Amino acid sequence: MRSVFPATLKGLAAGLARGDFTSVDLTQHYLARIAALDPRLNSFISVYPERALAAAAGADAARARGANGPLLGIPYANKDIFCAAGTRTSCASRMLDSFIAPYDATVVERLTAAGMVMSGKTNMDEFAMGSSNETSYYGPTRNPWNLDCVPGGSSGGSAAAVAARLAPAATGTDTGGSIRLPAAFCGISGIKPTYGRVSRYGMIAFASSLDQGGPMALSAEDLALMLNAMCGFDGRDSTSAPRADEDFTRELDAPLRGLRIGLPREFFDAALDPAVGSCLEQALAVLRRLGAECREISLASTAYAIPAYYILSSAECSSNLSRYDGVRFGHRCADPANLEDLYTRSRAEGFGAEVKRRILVGTYALSAGYYAAYYAKAQRLRRLIKEDFQAAFADVDLIAGPTAPSVAFRLGQKAADPVQMYLSDIYTTAVNLAGLPAASIPAGFVNELPVGLQLIGNYFSEAKVLNVAHRFQGETDWHQHTPSWIGST
Amino acid sequence: MQWEPVIGLEIHVQLATVSKIFSGASTKYGTAPNTQACAIDLGLPGVLPVVNARAIEMAILFGLAINARIASSSVFARKNYFYPDLPKGYQISQYEHPIVADGYLDLPRADGSLKRISIRRAHLEEDAGKSVHDLFPGATGVDLNRAGTPLLEVVSEPDLATALEAVQYMRAIHTLVRFIGICDGNMQEGSFRCDANVSVRPVGSEALGTRAEIKNLNSFRFIERAINYEIERQTELLENGRNVVQETRLYDPDRDETRSMRNKEDAHDYRYFPDPDLLPIRINTDEINAARARLPELPASRRIRYVSEFGLSEEDADSLSGERTVCEYFEALAQACGDPTQAANWVVGELFAAVRREGIDFSAVRVGPAALAQLLLRIRGRTISNTTAKLLFKVMWNGWDGTVDELIAGSDLQQVSDTDEISKLIAAVIADSPQQVAQYRAGKEKIFGYFVGQVMRRSGGKADPQQLNVLLKSALSVRDN
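If you read the protein sequences in the order shown, they are chains V and F. Counting with the numbering used here, you get residues 2 to 490 for the letters of the first sequence. Counting with the numbering used here, you get residues 23 to 503 for the letters of the second sequence.
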């Protein structure tokens, strides 16, 4: 394939501004790559060529009238959890296979306003419940680095699409690691912003108190550009943070001299693959060379993050998914005999095994007589975890560690053992419970599979997190590697 | 054994907001099915609730009106259950932390003393939609226009001892919520309805008996009948040595009985938990003070004042204090005419009659208190009689746009208080009615009214009634020998 297009949002914006190519050229290029390569990856659930080309032509026309902007006319892939008016928004569930969203999510509205062109909707774990993209009704997405491996989940379709250069950037959502884990497994950059930064309106809920949308791209700088467009107070989301808009690119080049980085003892434990550990050691050495000082810290309560996370997220999902009852939209069973039958069969047929498991766990945890032992206790743990992080941030500016205990595992390897699967998120869920911002960026390879470095910041310190990530990427080229079979862009 | 009933009410007050509690859709009643259900009311994937600030203000106002505690932080919780007209599969309500707690209302007893009814809590919640069972053969229709309509659920302690007392309490809440303008009180449209918890126990016992909950009572008459039926049913069970089952029952007004709907075994486990889509409602002292400043003087206080300060009868005080437009009218009229008793008589008499006759709301009366005060002052100044004033009131009601004095002058209705003229008319009537004069003089004093009527008619209604009385008495007592 032709190799005239730069890889990053930054590069594409410059090319569009110079007139090296048009948005229509660019959109056609990515649509062609999707058509050629995605049959092997299965990273998209739906592709919208006509809609995308029309939007691209609109962007070109706007540019001809003098409009400009860092994202104008650049295609992106949208996780199939964000409603986009007139498109199927399935959440990778049979339940919503027939659901055409009648409205735009705030994130979609904002990216459209910034001039971005949505090429299609990406594959994911069903209702974002999963760490491998294997729970999708539309079949698993494959990891571009090794097609026998999982891309991570739940935003695995977005991560694989960006890693295979089927889109220069994508949206993701992160409830317990769903942006960071696939970013790590696919060797791209992703950031989960502070809870409340990105509006959840139109983003189909999994666990409302934990869900947070964010960008996935090829560099920290691109994350900053896309985050600029995605963030902002939204009166339609009561949990949206009432803060002024900021420019996340403003501190990208700031020096790291004197930066205090905390390394949680609990993140470098026996669960961590030693080969991944040594990649991280080298990454930390890069940061030290840039002037940062690393010190060991303790986040003792994070040992309880996984159980607390699975109780709380399952409790919320059991309620959030009650609306899928076959009455108003979504899957309805054929010829229901009565109301009970309508409910039972519609839900039995519409939901996959993992979603059912979580609904059952959540329903149990909220039941009379069990609420105190499970839900209330998990809320207390959540508070302790938050307090641990707050205590740590009294002494450090940033926390660094692995995104995942290992590199991408093989398809089917953990599918039969939910607890093993849940442990993939051992270093990510605590961040969601605390509501903090965290990024995952490429930091090396083990067995030709990417390793992710996780950078966790204090509340609303995305600019700092991206600054460290950007400086790291200035010294390394892990984020520029591409799987050999996908060809150059 | 003697039994006594113990009754508590859960009253659902539909708040009179323009839009729904968590969406911008209209709350208007009676529109075509599903025309007022937006994406949020439909529970579409991805939508989120945003609380209506007016609903919170109204809950605060109610809390202040019942002397309750307004929670500085209260929490919306999800009540989870499946039903076709419950779009999200949960109702957003309040559970552990209601916005209003520990209030009370004092009900006047027949002997003038007060009975205090404690109100445990009042919490905000959204209404569900409606299932329509009779429109489509073999299927149920769902109308979600009502889904998301704001409700304030007012939960009393089991302080009510009789069905009548329950009705009196419910009427008092009904009056109160309309008075402070948070509910239109329309019971036919379901804006005001209640569930009654009823149990009986041996007189003197402290422990509560097993209760039954009677659902969805939407008229004062039904409440009274349903509770009385339920008391009788439970008493009979207990007297026959049987037990009352804890259950939910439905009142059937056609058969005048309650029927079991579901019992404790199949009661729902609602799995309440704090709604993660909504932040706790924080209310600070400033907001409470601002609401307090907006709170009008309430019916109970006005009723007492009308008796003690204005010397009105209990009955008049009661009928003048229940509605905000009425008491504001009455107080303005009393002040302008300077005679509260006269003002009360006119409001309770002429104005209420006119409003009833035309079937309009009191707020739509067509004679303002200032104009009416002019008329009342002319009665007291003896320019016109009370009878004449009532005629003139009708003219004013039908659209007189001049002053009262112009009306009196133009109508030639000034009262005749000229003694000679009245005496002449009396003489003529006496001359024309020898039979009646004889009867009167024979002791049939009731016939006096006949003479008054005759003279009044011949004066065209203008004779001063007091003078007429005196002159007629003396004329009739003089025997013409």
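Hints in this document: simulated from the structure, not taken from any laboratory. Don't take every hint at face value.
As the list claims (entries may be wrong) - Restraint ranges, calculated between C-beta atoms of paired labels, are given here:
no., chain 1, residue 1, chain 2, residue 2, range
1, V, L340, F, G52, 23 to 29 Å
2, V, N339, F, E179, 52 to 58 Å
3, V, L148, F, V40, 39 to 45 Å
4, V, L340, F, G390, 54 to 60 Å
5, V, N339, F, V40, 55 to 61 Å
6, V, A245, F, G52, 54 to 60 Å
All values derive from a computational prediction rather than experimental measurement. The beta carbon of each residue, even a glycine, is placed where N, CA and C say it ideally should be.
For this session: Just pull the numbers of the violated hints for me, sorted ascending.
Result: 2, 3, 5, 6
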